[in-house]
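A.B. asks: Residues per chain, in single letters:
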Amino acid sequence: MKIVVEQEKLAKALNNVSRIVAGGKTTLPILNNVLIRVDAGKATLTTTNLDMAVVDYLPVIESVDGVITAPARLMAEFVSNLPKNAKVEIEDKDKKITLKSGNYKATVNGVEADDFPEMPEVDEKKSVAFVMGVDEFRAGLSEVLVATSNDTSRPALTGVFYNTFNDSLFVAATDGYRLADRKIVEKVKSEVKAIVPTMPLNEAMRAIQEDTEEVEILFNELMVQIRVGEVEITSKLIDGSYPDYRQLIPKNSEENIEVKKEELVRTVKLAALFSKTVGGTIKVETDAKNGKLRVLAVANEMGENASEIETKVEKDEKITLNAKYLLDALNCIEEESVIIGLSPNLAPMVVKNAKSSDYTHIIMPLNV
Amino acid sequence: MYNLWKNVLEEIKTKVSAPTFSTYFADSELITANGGEVVINTKNIFVQKQFEKKYDGLIREALKKNKIEVKNITYVVSAGSTKVRQKAREITGENIEENARGVVKKISEVAKERFDNKENPSGLNSRYTMENFVVGSNNDLAVSVAKAVIENPGKRYNPFFLYGGPGLGKTHLVEAIGNELLRRNPKMKVLYTPIDHFYSSFVNSIQNKKGAEFSQRFRKLDLLIIDDIQFIVGKEKSQEEFFHIFNDLYQLNKQIIITSDRLPNQIRTVDERLASRLSSAGTFDIQMPNFEDRCAILKAKAEWEGANIEFEAIEYIAENVKTNIRDLESEYSRVLAVADLKGVTPLQLINAGYSSAIGGGKSKSVSAKQVVEKVAKYYDLSVKEMCGKSRVSNIKTARQVAMYILSKELQMSTTKIAPEVGVKDHTTVMNGLKRIDTDIKLNFKLRDQIEEIKEKIYGN
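As given, the protein sequences belong to chains A and B, one line each in that order.
Each residue of the first sequence is one higher than the one before, starting from 1 at the first, in my numbering.
Each residue of the second sequence is one higher than the one before, starting from 1001 at the first, in my numbering.
Excised from the complex, chain A in its bound form:
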């Protein structure tokens, strides 16, 4: 096996594949390695942690077919420190891998590829595929990932739920305290309900380059494959039933107030300063008579804080909630104005983008 590659391309590819490598934490040492394969002049780098795998195609200048594995992190770090615009040559001989670039040279101990796990293939005929623009893919994820749970006792909530509803593809996440739901593709022809772990999704986001235009996601009943440019990320799905989350989204809120996002973020941050002792519990009230939205700190051990925003208000409503969740929700929205929906009887707060109905974030009230 021999390849000659541009330093920058090799560094990028090694970087893409080596992030998922366990780094000494795995019991199976071969999982620390990257599989370098050259087959009919086409070179690929592959890594896996046995929950997911990353494959990156490598544009080579020169190559000799063959296959070998080498420690992924070491390779990535070595190559990234080589001078830019240089060519790097990698060659294996008797399980010794030589890296050469100008005056820099290293020899790394390789391991035979036979020990490296075989990769599961995605049978396209038995899969459903969704193609979307990079912006939709990225926006969809960045707006819901924050609401995923870290609680491994309910595995389903640790992932992002890709689901089709009324011929559109949605992503959703909830940790039981808040919920985010985003429509990403309209008029889809297939149906899917699958819970994708966050790790492959984060890797897919990182694999996006400036010139990437589209992302393709393939699902079958056991796995998902995300194709971003030259990178293919394959992962198992989370087995579990996802809550029927649409039931939790209030159809219409009694009171809908449009406010400047920046202003609301400021008032919430100020109130949060005073509610640190009670875990960030704050109160949001609407005052119809004076046309005001008020944000108050609940605990007054440290003092008091109340900020007001003047806006059009029709009804008096109030809700007690966690300031962090509200800030998270507001930070997900890239728009100057947001709409806050409130209803009586401990209904959740609805936070929406003022310009688009594709995104809904709801926050459960605290019952105090």
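Some hints could be false.
[Stated by the list, open to error] Computed list of lysine-lysine pairs in DSSO-like fashion (alpha-carbon distance at most 30 Å, straight line):
{"#": "1", "chain 1": "B", "residue 1": "Lys1043", "chain 2": "A", "residue 2": "Lys193"}
{"#": "2", "chain 1": "A", "residue 1": "Lys95", "chain 2": "B", "residue 2": "Lys1049"}
{"#": "3", "chain 1": "B", "residue 1": "Lys1434", "chain 2": "A", "residue 2": "Lys126"}
{"#": "4", "chain 1": "A", "residue 1": "Lys324", "chain 2": "B", "residue 2": "Lys1445"}
{"#": "5", "chain 1": "B", "residue 1": "Lys1434", "chain 2": "A", "residue 2": "Lys283"}
{"#": "6", "chain 1": "B", "residue 1": "Lys1209", "chain 2": "B", "residue 2": "Lys1155"}
For the record, the hints were derived by calculation from the structure and aren't laboratory data.
We have chain A; now place chain B onto it with these hints.
C.D. replies: Same frame as chain A, now just chain B:
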């Protein structure tokens, strides 16, 4: 099964490195090993792939050393929740049967194999016989008609139109008629085919310009069995062809048997002429068996297979699976498999709190009193406090949660619940249930609490 696999794993342990063993093999399970068909469960798709590509030989060898017959090994990954579907493939019932684990073949493939099999030109599955068909009040009329057809094919009950919900044994009964007639007269020309395969053969014959051969093949038959005719929707040309074949056979007094999940006039897009022809000799249905019938079915199955299962366990399954016979049999197999896995008898398993996959199987093993006690304990209250008159909100909630669980899990009526939780009458119970029903949708905490209580109730 569990111990068996443990031995196999011990064998494998000596052949691979410790990290390899713990990474790949530690979480695997042997699901079945019946008649050489071995199914092994793996942790995920990555592990599945390694088993298929790298360790298949090793596993086969270790199974053989433990005297397990091996013809085929299927490695599966358990997954139940993920659903994918392409809309264009929605048309027939095929994909319902499709199983991503590759254990079950598409019915059309099975049908095709059977249809085109030269050694078995009838397409009948010899497993289905009259002897192993359990007669009960749900199907006795259909069975007596079936017997009449066997005695006098092509006479009074022609066509024999049999309908009923999925998984109730229609296919079994009609194939049994075919098998019995063949047994009596091996020269008889019998053909069993699901309607969708009838189409594909018809379409193929047109494409290959063998249309005449196709209709000849059917017109030579003495008995034609068409399964699941409801899938005839919207295929006019094949419907036309079927109508002609039907008429020809009918006029020659050849027996025709048809199954469907509904009555002929309820099958949309079936030509009216055809619909009236189909029901001309009457229509007969198979219904869902009642409790006694279900017990009888499972008992017969257990005897047939020589399985070791207590009658109480059979009763438990029969009581809890009320959907159809297919589900009933799969639940039965599951109980046997799990019991085997844990090395206990089916009844021990059930008594240990095994919960059914179908039906609300858990409810039978707990009493209302136990539920009330567990709920009170969960909320740190005494039963007396909880079932008292207090309006304090947490006590009231506890009481309402108890009502809710009694209603949802034990299917008790509101009048029966009232005395259990110490309230005046059923309207109070109704209000309580209503409140929990609404709150549970909005309040994750309450929902989790109820789940936790349920776990506590069924947990020991």
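A.B. asks: Look at each hint and say if it fits the structure.
C.D. replies: Hint-by-hint comparison with the structure:
1. Lys1043/B x Lys193/A: The given pair, whose Cα atoms are some 21 Å apart, holds under the 30 Å limit.
2. Lys95/A x Lys1049/B: With a Cα-Cα distance of about 25 Å, the restraint between Lys95/A and Lys1049/B holds, given a limit of 30 Å.
3. Lys1434/B x Lys126/A: violated, 44 Å
4. Lys324/A x Lys1445/B: It holds: about 19 Å lies between the C-alpha atoms, which stays within 30 Å.
5. Lys1434/B x Lys283/A: Holds - the C-alpha atoms of Lys283/A and Lys1434/B are around 28 Å apart, at most 30 Å.
6. Lys1209/B x Lys1155/B: violated, 35 Å
Hints 3 and 6, counting from the list given before, are not met by this structure.
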